[in-house]
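Colleague: One letter stands for each residue in the lines below.
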Amino acid sequence: MNTLGHFASLIALLLLAFMADLALGSVAVPPGQVVSILSGAGSSTPVWEEIVLALRLPKALTAVLAGAALAATGLEMQTLFRNPLAGPFVLGINAGASLGVALVVLASAGVGAASLLPEVGLPVELGTVSAGMIGAAAVMLIVVTVGHRVRSVVTLLVLGLLIGYATSAAVSMLMHFSAADRIQTFVVWTFGSFGSVGWSRLGILSTAVVIGLSITAVLVKPLNALLLGETHAVSLGVRPKRVRTLIVISSALLAGAVTAFCGPITFIGVAVPHLARSRLHTANHRVLLPAVVLLGAIVALLADIAAGLPGLDARLPLNAVTSLLGAPVVAFAVMRSERVRARGAPS
Amino acid sequence: MSDNSGLVTDGLTVGYRPRPTLAKHLALEARHGELVAVVGPNGAGKSTLIRVLSGLEPPLSGMVRVDGRNIHEIPPATRSRQVGIGLPHHETPPHLRVDELVALGRYPYTSWFGGLTEGDRRYVTDALRVTGIQSLAQRELATLSDGEVQKAHIARGIAQQAPLLLLDEPTAYLDVTSRFEITHMLRDLAHREGRIVLFSTHDLSIALETADRMWLFVPALEDSGVGAQVVDGAPEDLALDGRLRSAFSRHGVDFREDGTPVVASARRSAPTVTLAGPDGPGLRWTRRALYRAGFEPVPQDQAPPATAAVTLVEEPADAGYRSPDAAAPATAADTAGPAGENPPRRRWRVLPPRGQAAAETEVSSIRELVEVSTRLLMKSR
Numbered sequence: 012m013n014t015l016g017h018f019a020s021l022i023a024l025l026l027l028a029f030m031a032d033l034a035l036g037s038v039a040v041p042p043g044q045v046v047s048i049l050s051g052a053g054s055s056t057p058v059w060e061e062i063v064l065a066l067r068l069p070k071a072l073t074a075v076l077a078g079a080a081l082a083a084t085g086l087e088m089q090t091l092f093r094n095p096l097a098g099p100f101v102l103g104i105n106a107g108a109s110l111g112v113a114l115v116v117l118a119s120a121g122v123g124a125a126s127l128l129p130e131v132g133l134p135v136e137l138g139t140v141s142a143g144m145i146g147a148a149a150v151m152l153i154v155v156t157v158g159h160r161v162r163s164v165v166t167l168l169v170l171g172l173l174i175g176y177a178t179s180a181a182v183s184m185l186m187h188f189s190a191a192d193r194i195q196t197f198v199v200w201t202f203g204s205f206g207s208v209g210w211s212r213l214g215i216l217s218t219a220v221v222i223g224l225s226i227t228a229v230l231v232k233p234l235n236a237l238l239l240g241e242t243h244a245v246s247l248g249v250r251p252k253r254v255r256t257l258i259v260i261s262s263a264l265l266a267g268a269v270t271a272f273c274g275p276i277t278f279i280g281v282a283v284p285h286l287a288r289s290r291l292h293t294a295n296h297r298v299l300l301p302a303v304v305l306l307g308a309i310v311a312l313l314a315d316i317a318a319g320l321p322g323l324d325a326r327l328p329l330n331a332v333t334s335l336l337g338a339p340v341v342a343f344a345v346m347r348s349e350r351v352r353a354r355g356a357p358s
Numbered sequence: 238m239s240d241n242s243g244l245v246t247d248g249l250t251v252g253y254r255p256r257p258t259l260a261k262h263l264a265l266e267a268r269h270g271e272l273v274a275v276v277g278p279n280g281a282g283k284s285t286l287i288r289v290l291s292g293l294e295p296p297l298s299g300m301v302r303v304d305g306r307n308i309h310e311i312p313p314a315t316r317s318r319q320v321g322i323g324l325p326h327h328e329t330p331p332h333l334r335v336d337e338l339v340a341l342g343r344y345p346y347t348s349w350f351g352g353l354t355e356g357d358r359r360y361v362t363d364a365l366r367v368t369g370i371q372s373l374a375q376r377e378l379a380t381l382s383d384g385e386v387q388k389a390h391i392a393r394g395i396a397q398q399a400p401l402l403l404l405d406e407p408t409a410y411l412d413v414t415s416r417f418e419i420t421h422m423l424r425d426l427a428h429r430e431g432r433i434v435l436f437s438t439h440d441l442s443i444a445l446e447t448a449d450r451m452w453l454f455v456p457a458l459e460d461s462g463v464g465a466q467v468v469d470g471a472p473e474d475l476a477l478d479g480r481l482r483s484a485f486s487r488h489g490v491d492f493r494e495d496g497t498p499v500v501a502s503a504r505r506s507a508p509t510v511t512l513a514g515p516d517g518p519g520l521r522w523t524r525r526a527l528y529r530a531g532f533e534p535v536p537q538d539q540a541p542p543a544t545a546a547v548t549l550v551e552e553p554a555d556a557g558y559r560s561p562d563a564a565a566p567a568t569a570a571d572t573a574g575p576a577g578e579n580p581p582r583r584r585w586r587v588l589p590p591r592g593q594a595a596a597e598t599e600v601s602s603i604r605e606l607v608e609v610s611t612r613l614l615m616k617s618r
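Those protein sequence lines, which keep their order, are chains A and B. One point on numbering: in the working numbering, the residue at position 63 of the first sequence is 74, and numbering is uninterrupted. One point on numbering: in the working numbering, the residue at position 369 of the second sequence is 606, and numbering is uninterrupted.
Just so you know, the hints here were simulated from the structure itself, not pulled from any lab data. Idealized CB from N, CA, C, for every residue including glycine. There may be inaccurate statements among the hints.
[As the list claims (entries may be wrong)] Derived DEER-like restraints, expressed as beta-carbon distance ranges:
| id | chain 1 | residue 1 | chain 2 | residue 2 | range |
| --- | --- | --- | --- | --- | --- |
| 1 | B | Thr354 | A | Ile194 | 55 to 65 Å |
| 2 | B | Leu477 | A | Ser289 | 51 to 61 Å |
| 3 | A | Phe343 | B | Asp412 | 29 to 39 Å |
| 4 | A | Phe343 | B | Tyr410 | 24 to 34 Å |
| 5 | B | Gly356 | A | Ser289 | 26 to 36 Å |
Start from the sequences and build out the full structure, keeping to the hints where you can.
Modeller: What follows is the structure, given as structure tokens:
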């Protein structure tokens with residue numbers, strides 16, 4: 012299949028997954044009715060209209076935005092670090108966001124903070140969300156500052172890991188001194204969900220994602236050069252510090268916003284770039300970036316459908332589903348890169 | 238220097254701050270159209286010198302000028318049109334195709350999104366043709382052999398259209414054929430397109446065979462306080478005036494006249510053997526074999542008395558058909574000619590050193606010759 016064919020099939024898959032996400036859930040809505048509701052013609056059953064428009068449509072849009080954002084960030088980081096395990100969370104973004112959210116949810120004893128959205132039961136106060144974004148941005152700032160001084164990208168990776176440990180320690184301590192219901196709220200947030208955003212905050216999320224993706228699009232050319240390693244890239248005219256800074260800013264926006272709104276969603280950022288590379292057989296970011304955006308959205312929608320356990324009156328934690336889907340993909344990618352490395356670097 | 242063209246270093250000192258300086262006050266030069274071999278033992282500073290020459294790393298002091306401009310003052314975007322580099326350890330990103338890799342050489346010229354114009358594509362095709370890897374254009378880098386990957390990276394450097402191409406160990410980890418293929422290709426590239434192609438290697442015979450100019454790292458003399466030096470000259474000049482020998486002899490390595498290195502310590506007590514016979518490949522290979530076996534083959538008139546003597550006898554392979562090789566062994570190639578040409582029949586007579594009781598032995602292969610002479614001469618000690 013050529014590249015155009017791949018994109019056509021990805022777009023078709025995206026539309027299909029989007030419709031399925033609207034139709035499936037604890038209450039199944041027939042696809043015909045979904046189309047009719049979306050086109051504004053209404054539905055024979057008013058409850059369906061309510062379910063689709065008020066709940067499932069913002070949830071599906073959130074899934075699309077979150078999946079696209081996480082996958083794009085994962086792609087940037089894997090190329091920057093030349094590491095198949097790099098993802099939005101490797102630099103400690105999720106840890107930073109978690110700490111921000113934890114500070115609001117756990118520490119502030121309910122002073123204008125986390126209320127519960129009745130229909131989904133998750134904290135969606137804007138305070139929580141901005142705390143998450145600030146936490147993510149703070150971690151990124153540390154990484155940027157240090158990143159300008161360290162030469163090796165591996166050092167940066169280890170640094171992100173250590174920041175992750177430090178912040179989880181802080182979160183654990185906060186949890187230890189918190190009331191049970193607050194811990195409950197926080198733990199539910201860590202499970203991950205696309206349902207907590209709703210129409211009211213979709214605007215903020217989509218703004219952050221659009222800006223983040225635009226920055227990533229500008230980076231497509233230097234990302235291709237970075238495939239050859241930093242020294243070769245520099246010899247081709249890449250300005251490494253500038254590129255690194257832009258990557259860090261865009262991933263703070265993308266992953267930071269998504270994590271704050273939807274919880275620390277695992278594996279989509281790591282796994283989707285691998286899926287895209289092996290499906291399209293390319294390393295070219297001009298092709299990979301749009302592919303990863305589409306595929307990320309598809310995977311997020313599918314994960315949301317699976318988490319909804321269609322036909323049953325229960326939901327799985329989103330993170331459990333993304334981990335189950337993503338772990339084998341990442342394992343395969345790691346083993347593959349081991350093989351490539353074994354024959355690629357003779358020394 | 239009558240003009241500014243070419244690569245010139247001026248009082249260049251390279252090294253790393255915490256570590257001792259690698260080489261001081263280098264005054265080196267390379268002209269357009271030259272293939273320059275940077276030769277020296279491992280750890281001498283070849284890679285560091287190349288990184289400094291490329292502008293990627295600052296010198297400790299001094300200056301590198303390319304066509305009159307200080308390389309470290311050229312902004313990176315412009316510099317990438319002046320200098321192309323290739324490092325020994327290549328990334329092989331999964332799914333990256335050869336043509337895509339080569340197209341990355343056009344990076345300094347393409348728009349922000351990296352799209353290729355018709356002209357860019359022509360440079361990519363040319364580079365693939367020059368390196369002889371057109372047929373690999375659509376292949377993924379990870380599926381190629383080391384030599385093919387190396388050629389693809391050189392093609393990327395060619396597509397970059399930089400007048401200065403710096404390659405660090407382009408022939409490392411390659412087999413002999415690929416090594417020669419690549420260095421000859423580099424020489425053609427320099428000669429034909431007037432570029433300065435500079436490559437580092439510790440393979441002296443390849444450098445002697447192909448390079449127009451050699452930058453030779455002469456290691457520091459221990460306890461002398463004299464730092465490492467890099468001497469610059471035609472490979473033959475360096476060989477003739479003994480600088481080549483002195484650069485390597487400190488490591489216990491000596492050279493035969495053809496530039497093949499040998500371990501000097503093993504040569505000190507080499508017993509001499511006189512060698513006689515018709516000039517040609519037979520004699521050359523015999524000399525080589527005796528040398529390898531630990532003898533010092535000398536012509537008859539230079540031999541001290543009481544040495545063993547080896548005489549090569551050549552006869553046409555068969556009376557009915559005389560191949561050109563057999564007819565004129567002196568002008569024949571060093572190796573057997575194309576199939577169908579019969580090499581002459583060769584025999585070797587080994588006369589033991591005077592005073593030894595053994596009789597003259599005749600053998601019909603070099604393997605036997607080595608065996609017999611070793612046995613005879615070891616007995617004589």
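Colleague: The structure should be examined with respect to each hint, and the outcome stated for every one.
Modeller: The hints, checked one at a time:
no. : hint                            : in the structure
1   : Thr354/B - Ile194/A: 55 to 65 Å : holds, 60 Å
2   : Leu477/B - Ser289/A: 51 to 61 Å : holds, 58 Å
3   : Phe343/A - Asp412/B: 29 to 39 Å : holds, 33 Å
4   : Phe343/A - Tyr410/B: 24 to 34 Å : holds, 28 Å
5   : Gly356/B - Ser289/A: 26 to 36 Å : holds, 33 Å
Hint compliance for this structure: no hint is broken.
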